[in-house]
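Chains as they are written, first to last, in this note's numbering: chain A, 5 to 109; chain B, 141 to 254.
Some clues are possibly wrong.
Simulated DEER-style distance windows between Cβ atoms [said to hold, decoys possible]:
1. Asn170/B with Gly33/A: 22 to 30 Å
2. Gly180/B with Gly33/A: 24 to 32 Å
3. Gly58/A with Pro148/B: 39 to 47 Å
4. Gln220/B with Gly58/A: 23 to 31 Å
5. Asp62/A with Ile152/B: 35 to 43 Å
6. Ser16/A with Asn170/B: 19 to 27 Å
7. Pro109/A with Arg199/B: 38 to 46 Å
8. Arg250/B with Gln5/A: 34 to 42 Å
9. Ser202/B with Lys6/A: 13 to 21 Å
10. Ala193/B with Gly58/A: 28 to 36 Å
Listed below are several chain A residues computed to face chain B (Cβ distance under 8 Å; list not exhaustive) [what the hints assert, rightly or not]:
11. Leu50
12. Ile51
13. Ala72
14. Tyr75
15. Pro85
16. Ile98
17. Gly102
18. Gln106
Hint data in this document are derived by calculation from the structure and do not stem from the laboratory.
Backbone N, C-alpha and C define an ideal beta-carbon position, used for all residues, glycine too.
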Amino acid sequence: QKEVEQNSGPLSVPEGAIASLNCTYSDRGSQSFFWYRQYSGKSPELIMSIYSNGDKEDGRFTAQLNKASQYVSLLIRDSQPSDSATYLCAVSLIFGQGTTLQVKP
Amino acid sequence: DTGVSQNPRHKITKRGQNVTFRCDPISEHNRLYWYRQTLGQGPEFLTYFQNEAQLEKSRLLSDRFSAERPKGSFSTLEIQRTEQGDSAMYLCASSPLQGWTEAFFGQGTRLTVV
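The following block holds chain A by itself, in its conformation from the complex (with noise of 0.2 Å):
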């Protein structure tokens, strides 16, 4: 059974504070991880991917890959009201039960 583990939160930082998520799997072979965001009563959608070791930056994210310790994490940098939603990490197919992330003014 392949699974992906995120602590539900919720997750509570201050406007412009760093925010970090963290995702652990099970499947060794992975190859394929993302972030994605998921505001309430809405679909999920894609934010960050990523394939090899080590950092990837877009803007304020940053997603992070360690395949030896199969951990993926995702920092939002200078965090506001806006990126208040729950965040979902997927391992290919598979994805977490996601954490919410609340940013307070």
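We have chain A already, so just place chain B on it with the hints.
Using the frame of chain A, we list chain B on its own:
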């Protein structure tokens, strides 16, 4: 609108009835995926197609569920003899042939079984 389209957006049905949902993917996308999502959970993988071929089906999917993509374009998901536990949001997504990259989700069909 060139996004993933799902119909209907909402469906209320009585227990024991059959329901069918439709998904129209982004036109140039060869892969199509079905997921189910309940409140507070992440999307649960159900099945996916590459063109008209159904390549993978979740073991969690009971035989009351069936999906088709007959011409490699739109897809349907049918649930027979619905149960209250089938109440959920059913999400469709599509991506290019290269794999689960730049996958886009539709707005989903919310099913309520009463």
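Quick rundown of the hints versus the structure:
| no. | hint | in the structure |
| --- | --- | --- |
| 1 | Asn170/B with Gly33/A: 22 to 30 Å | 23 Å, holds |
| 2 | Gly180/B with Gly33/A: 24 to 32 Å | 29 Å, holds |
| 3 | Gly58/A with Pro148/B: 39 to 47 Å | 44 Å, holds |
| 4 | Gln220/B with Gly58/A: 23 to 31 Å | 47 Å, violated |
| 5 | Asp62/A with Ile152/B: 35 to 43 Å | 40 Å, holds |
| 6 | Ser16/A with Asn170/B: 19 to 27 Å | 41 Å, violated |
| 7 | Pro109/A with Arg199/B: 38 to 46 Å | 45 Å, holds |
| 8 | Arg250/B with Gln5/A: 34 to 42 Å | 27 Å, violated |
| 9 | Ser202/B with Lys6/A: 13 to 21 Å | 19 Å, holds |
| 10 | Ala193/B with Gly58/A: 28 to 36 Å | 35 Å, holds |
| 11 | Leu50 | 6 Å, holds |
| 12 | Ile51 | 11 Å, violated |
| 13 | Ala72 | 22 Å, violated |
| 14 | Tyr75 | 17 Å, violated |
| 15 | Pro85 | 22 Å, violated |
| 16 | Ile98 | 6 Å, holds |
| 17 | Gly102 | 5 Å, holds |
| 18 | Gln106 | 15 Å, violated |
Checked against the numbered hints listed earlier, the structure breaks hints 4, 6, 8, 12, 13, 14, 15 and 18; every other hint is satisfied.
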